[in-house]
Amino acid sequence: MRSSTMLWATRVLLVLFCLMGSTVMLAQSTGGRVLGRVADPSGAVLTGVKVTLTNEATGVSRSAQTNSSGDYVFVEVPPGNYRVEFEQTGFKKNVQKEVTV
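Residue 15 in our numbering is what sits at position 13 of the sequence shown, and the numbering runs on without skipping anything.
Please keep in mind that the hints were generated in silico from the structure rather than gathered at the bench.
Virtual Cβ for every residue (Gly too), placed ideally from N, Cα, C.
A couple of the hints might just be wrong.
Said to hold, decoys possible - Here are the simulated distance ranges between beta carbons: (1) Gly61 - Gly38: 19 to 27 Å; (2) Glu89 - Ser44: 17 to 25 Å; (3) Val97 - Val75: 14 to 22 Å; (4) Pro43 - Ser71: 29 to 37 Å; (5) Ala46 - Pro81: 29 to 37 Å; (6) Gly61 - Thr32: 17 to 25 Å; (7) Lys95 - Ser31: 30 to 38 Å.
As the list claims (entries may be wrong) - Straight-line C-alpha distance at most 20 Å; calculated EDC-like pairs for lysine to aspartate or glutamate: (8) Lys94 - Glu78; (9) Lys52 - Glu89; (10) Lys95 - Asp73; (11) Lys94 - Asp73; (12) Lys52 - Glu100; (13) Lys52 - Asp73; (14) Lys52 - Glu78; (15) Lys95 - Asp42; (16) Lys99 - Glu58; (17) Lys99 - Glu89; (18) Lys94 - Asp42; (19) Lys95 - Glu78.
Required output: the full structure, derived from the provided sequences and hints.
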């Protein structure tokens with residue numbers, strides 16, 4: 003009986019330790035997020051817009067597409083200054099410079 007109680011207590015402590023460790027790991031994230039919603043001049047959201055995020059210092063870029071709500075998100079973005087470009091067939095390319103993370 004005592005060994006099963008010890009085994010149960012050990013498992014509970016192990017689970018708690020893992021949960022605490024994952025919280026600490028999340029708290030140590032060094033990146034930010036860039037997110038937004040793309041809409042036309044009338045306010046209608048645009049789906050399938052290619053959004054490109056480019057680090058102005060390094061030239062490293064990554065792309066995403068807007069979803070059915072017109073939303074896009076880039077996660078774990080290193081600190082720095084970025085350029086965000088929006089491209090959609092039938093629309094003029096839009097560029098936002100000096101986006102700071």
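Of the numbered hints stated previously, which ones are contradicted by the structure, given in increasing order? 4, 8 and 19
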